[in-house]
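So the chains spell out like this:
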Amino acid sequence: MTVFFRRFSCVCAQVAVLVLAMLWGTQAFARVQVHVWSATDTSAVEPFINVFETKYPDIDVVYREFNTSELYQVVMYNIDNPKMEADVIISPAMDLEVKLVNEGLAYRFEPENVDAIPSWAQWRNELYGFSFEPAALVYNKQAFEGLESPVSHTDLSNMVRDNPELFSGKIGTYDIRQSGIGYFFATQDAIQNNQTSRLTETFGRAGAKLFCCSSEILDRVATGELVLGYNVIGSYAMAAARENPDIGVYFLRDYTITMSRTAFVPKTSKAKYQAQLFIDFLLSREGQQVLANNSALIPINQNVETVLTPHLEDIPVFRVKLGIGLLGFQDELKKKSFLEDWESSILWSGGTASPSPQPD
Amino acid sequence: MAVGFAIILVSIAVGIWSYARDAANHSYDRLLSGAAFAILERTLVTPTGPSVEIPYSALELIGLAESDRVFYRIFTANGKTLTGSGNLPQPEQYKPTDQPVFFDTHYSGEDVRFLLQGRFLAGAGYGDWVVVQIGQTRIARDAFAREMMINAIALLLLVTAIGLGFVWFGINRALSPLIGIERQLRYREPTDFSPIQITPPREVASLTRSINGLILRHKKSLDNAQAFIADVAHQTRTSLGALQGLLESASRQSDADQQQARIKQAEEQAQRTIRLTNQLLSHAMIIHRADNTPLARKVLIDVVRTAFGDIIRDYLKYDTEFSIESDLAPDEQVFVMLDEIGIREALRNLVDNAIKHGKAPHKIDILVRKSDEKCHLIVDDNGPGIDVGKHASVLERFSSLSTGLGLAIVNAVAERHHAELILGQSPAGGLRVEMVFPVVEGGQE
Numbered sequence: 001m002t003v004f005f006r007r008f009s010c011v012c013a014q015v016a017v018l019v020l021a022m023l024w025g026t027q028a029f030a031r032v033q034v035h036v037w038s039a040t041d042t043s044a045v046e047p048f049i050n051v052f053e054t055k056y057p058d059i060d061v062v063y064r065e066f067n068t069s070e071l072y073q074v075v076m077y078n079i080d081n082p083k084m085e086a087d088v089i090i091s092p093a094m095d096l097e098v099k100l101v102n103e104g105l106a107y108r109f110e111p112e113n114v115d116a117i118p119s120w121a122q123w124r125n126e127l128y129g130f131s132f133e134p135a136a137l138v139y140n141k142q143a144f145e146g147l148e149s150p151v152s153h154t155d156l157s158n159m160v161r162d163n164p165e166l167f168s169g170k171i172g173t174y175d176i177r178q179s180g181i182g183y184f185f186a187t188q189d190a191i192q193n194n195q196t197s198r199l200t201e202t203f204g205r206a207g208a209k210l211f212c213c214s215s216e217i218l219d220r221v222a223t224g225e226l227v228l229g230y231n232v233i234g235s236y237a238m239a240a241a242r243e244n245p246d247i248g249v250y251f252l253r254d255y256t257i258t259m260s261r262t263a264f265v266p267k268t269s270k271a272k273y274q275a276q277l278f279i280d281f282l283l284s285r286e287g288q289q290v291l292a293n294n295s296a297l298i299p300i301n302q303n304v305e306t307v308l309t310p311h312l313e314d315i316p317v318f319r320v321k322l323g324i325g326l327l328g329f330q331d332e333l334k335k336k337s338f339l340e341d342w343e344s345s346i347l348w349s350g351g352t353a354s355p356s357p358q359p360d
Numbered sequence: 001m002a003v004g005f006a007i008i009l010v011s012i013a014v015g016i017w018s019y020a021r022d023a024a025n026h027s028y029d030r031l032l033s034g035a036a037f038a039i040l041e042r043t044l045v046t047p048t049g050p051s052v053e054i055p056y057s058a059l060e061l062i063g064l065a066e067s068d069r070v071f072y073r074i075f076t077a078n079g080k081t082l083t084g085s086g087n088l089p090q091p092e093q094y095k096p097t098d099q100p101v102f103f104d105t106h107y108s109g110e111d112v113r114f115l116l117q118g119r120f121l122a123g124a125g126y127g128d129w130v131v132v133q134i135g136q137t138r139i140a141r142d143a144f145a146r147e148m149m150i151n152a153i154a155l156l157l158l159v160t161a162i163g164l165g166f167v168w169f170g171i172n173r174a175l176s177p178l179i180g181i182e183r184q185l186r187y188r189e190p191t192d193f194s195p196i197q198i199t200p201p202r203e204v205a206s207l208t209r210s211i212n213g214l215i216l217r218h219k220k221s222l223d224n225a226q227a228f229i230a231d232v233a234h235q236t237r238t239s240l241g242a243l244q245g246l247l248e249s250a251s252r253q254s255d256a257d258q259q260q261a262r263i264k265q266a267e268e269q270a271q272r273t274i275r276l277t278n279q280l281l282s283h284a285m286i287i288h289r290a291d292n293t294p295l296a297r298k299v300l301i302d303v304v305r306t307a308f309g310d311i312i313r314d315y316l317k318y319d320t321e322f323s324i325e326s327d328l329a330p331d332e333q334v335f336v337m338l339d340e341i342g343i344r345e346a347l348r349n350l351v352d353n354a355i356k357h358g359k360a361p362h363k364i365d366i367l368v369r370k371s372d373e374k375c376h377l378i379v380d381d382n383g384p385g386i387d388v389g390k391h392a393s394v395l396e397r398f399s400s401l402s403t404g405l406g407l408a409i410v411n412a413v414a415e416r417h418h419a420e421l422i423l424g425q426s427p428a429g430g431l432r433v434e435m436v437f438p439v440v441e442g443g444q445e
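Line by line, the protein sequences are chains S and D.
Residues 1 to 360 (the numbering used here) make up the first sequence, in order.
Residues 1 to 445 (the numbering used here) make up the second sequence, in order.
If you're looking for bench data, these hints aren't it; they were derived computationally from the structure.
Please read these numbers as outputs of a predicted model, since none were measured by experiment.
A few of these clues could be false.
[To be verified] Below, a list of computed lysine-lysine pairs in the DSS-like style, where the Cα atoms sit at most 27 Å apart:
1) D:Lys298 to S:Lys336
2) D:Lys80 to S:Lys334
3) D:Lys80 to S:Lys335
4) D:Lys264 to D:Lys359
[What the hints assert, rightly or not] In silico negatives: residues of chain S with every beta carbon more than 12 Å from chain D:
5) Val51
6) Gln73
7) Glu103
8) Glu126
9) Pro150
10) Arg161
11) Gln195
12) Ala222
13) Gly224
14) Ala241
15) Arg242
16) Ile324
17) Leu326
18) Asp331
19) Glu332
20) Ser337
[Unchecked claim] Which chain S residues face chain D? A few, computed with CB under 7 Å, are given here:
21) Val74
22) Asn102
23) Gly104
24) Arg124
25) Lys272
26) Gly323
27) Gly325
28) Leu327
29) Gly328
Beta carbons are placed, not taken as given, at the ideal position from N, Cα and C, and that holds for glycine.
If we strip away everything but chain D, and leave its shape as in the complex, we get:
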């Protein structure tokens, strides 16, 4: 950046120098022109040929450039010198003209700027050009140009310095709230989740809000994890405690039938524990995926069919009737942002719940429906259902109904998909679980 800035400064300086030189030349060329005019005005034809009487004022005029030396020559078209220094340098191929011709050259040890200007002199049978050549050393011009240059550069540097000062000031001012935020964050205890206390200027208000939002989400996530770990610890300990109790009781039974019954109970308890562990891991996976895996744009009914195929295979040993229906036209595709694994876990838990809490023969109906900009996934069972008053509480982990984690997992999946979760009653008198997904645009693909 400094190099770029230096290049800009140098190009401006070069521009100023050429401008200053031009300006100096313009100013002092007028002196030369004025003198040349004054001299040409005094050229005349005498009986012996052309002659000139150099007016005193002409040289006085050039003498306004006080320290400069002056050379002049007045000559005719054929090169005959009327007066002045005969050996002045000439531009190449000069032809007398009444237009001024300026050129710079080195003469008599100094840089000299010359002017040639002609006048056609006629009278008394004579007609020819008379040319006046005046040269002036460049001392005053160069001093003038240098002064202009120095002043302009000084001004430029001053403005630059002031500009940089403003930039520095502005950046410092703009960043000072960030420094405050940084200080607050740096010395923050790991357990401190209070929002950043700062009165931010407009520019960083949204940043502060975002950071505070992040802190809140982080706190929530951490709270969730802590609660989850507490739940897991409690549930696992309880289940394993029960299992151990049953096994101890079985070992103490002398009666073989009683012992067999106890072992059977212990086996059931072990299965419950396995199921509970699976659910806990499933739930943890859903939460984890929600934080890490992006949703993909998919057709809901296709995902449901695929997932359901897998699930049914696991429940073939139960007496269960499954059905999947869609009220969409066969070629109509409705896209939803989905996490395929999440949907599968939700369905698996609903089926698992229905089979676990209901009585055989089980009946589970899945329905995909579209309304307005929403897509509904409905799962009906013929189990005992849940009272309306308890709908809110069953969505939490380890509710009093001891439904385990099933509906909590479904709830987490719904949240993950920004879907609405509605509990209701199925036509068969069991539970109806309805997830309402927002539809994304760009149907056909």
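This is chain S alone, in the form it adopts within the complex:
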């Protein structure tokens, strides 16, 4: 596996780690490279890629990590560039992926294991969802001791309002101006719940801190710097909670936005066959099991046992359907006005963005 870390604050900084190239020596040059551009923590997909490369020794996966918005911009910018080297594009921001596919960038094919993917998580035989990721609340268990669990988003809003001393400056959520997945969650919230602006405003009053990525929030909740993280990617949260007993993961009972990380093969790909193999394996029972066992990601195949399985009965998941509808909040004017509203709410008492070099 070849990994490029690409940080949006320092675009030129790329670190190539030629792990397998060293193992395979000169043979590596005969292998086909599959460039995977993804807005997914490298650590979350690394185990999967290792299994894939073992299964297909002729394929060398070159993994490059992006932030969701950045990935969208890079791909959109290279829309007509035949030299774009990406062979697989993966992002949790379903709306941005739909927008890219709607531009006609995606190559159409039907993976072998497409039947295992629910219809809400695939579009046009071009875009395929492979994970099941609810938006979660994360909290610091010590700080929350003695507090009653909120049932709904309104309860959460009241709870923050009623406990200013606990929450002031200690709530973390996405800076949706920078994070595509944060914007996606926020807009889905707005569609689901007309009280969302009140919640945002409550966060603003409480001096909520804004972050680029789930990992940033999780780290700070673990240390107690934050007591509550809102709309954190559930798979990352549960993985963090496994490692740090101070982190609690909670799903509100009125609705839980659930997205699927999606992948497509761009038409410009020069290794379409190998890219298809990659997605085939990603959707296969075996690949899904690898995700469940070895990675932080939660597979979409409901037959595969995951960390989430015991909770599923309690979580009223709202599955966001892939489709043209997702373009609604991607309209420039609409996005502008939505962001303006959001800013005026969240920045009410000077909540500050905290740009961070970590990806989603």
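We have chain S; now place chain D onto it with these hints.
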């Protein structure tokens, strides 16, 4: 026929395709229209100019066509894009209007159907058109049209197949009695003249009757021919036998006078034989003509006069008085369907009979008369006549009166003309032969 059928099928298919495409367009155009209305409703004038907030439902609505990509652009009359893709194709000479304008084009690698719809936006010192353009790829439309098309064609083919099945069944059913008839006729012995034994359906009953009628007529004709040949054989043998007897007898006579008398008798016998042969051939000709020559529409009296002229020439050596009369007005013409030669043969035989059986001086009167819708041809002679009781039998060939074939020929001619033949007594005490012909319409010609 197959080509014609194929052409019909193809034209129906083309019709269905255009109908299906229209139907698909109508259905999915409503989605586009609905979305355009929803968007236009949310256009507004702000202090900085026109603006729009695209409702989430608008795109959700278009998204009902699940696999289709969507492009949109909202722009002002002067072409300034408010939001959306700035480079969408425009129809030629588009002028903003509140009527929807649809067009199909190729865009972004796919067939796309676009809608343009405008709204005049006014307020706060501003007044101008705002146009929303929405495009949707044709995947759902084409799939819908294709499905309709396939279903309709499948139905069409099914109905066609069923129809052809019925036709095949019907033809087979209708023709099955014919097959039965064919089988009966094919294996029939040449001597078998029994009618076809079949219980026919209505449709072929008359055919069966006709065939059976034909068989009967054929049998009758064959019977006639056989009887005739038997008669001819018998009569010829008898006559020639008599002739030979006389000649042998003459050759044995030593006395010259006796021998001369025998030779004279033999000559007479030879003449009778010639006459008989002529009559037989005449009769055969009448029968043959009846089967082969159509009747012609003629004036009876004219035909009689012409024929009689010929006949008289042959009988000039006998002491005979002939007369022909007609009770018709001189300019009245009565038409009858006639066989001229048949009439002549009949007259010739009557004259021949009268001269042969009567005594000189002979008197033969011919009378043509008209009554109602009939035309009568009457031939009277002054011979010995025939008893009323024997009238029926003399009409047969070689009756006991040994009249030869004469009256049989007349009878055959009458039958041939569908005329009634009446035998009676003439005013001179001889035989009266009357043929009553039906008159045909259309007198003057």
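Hint check, failures only: Violated: hints 1, 7, 8, 16, 17, 18, 19, 20, 21, 25.
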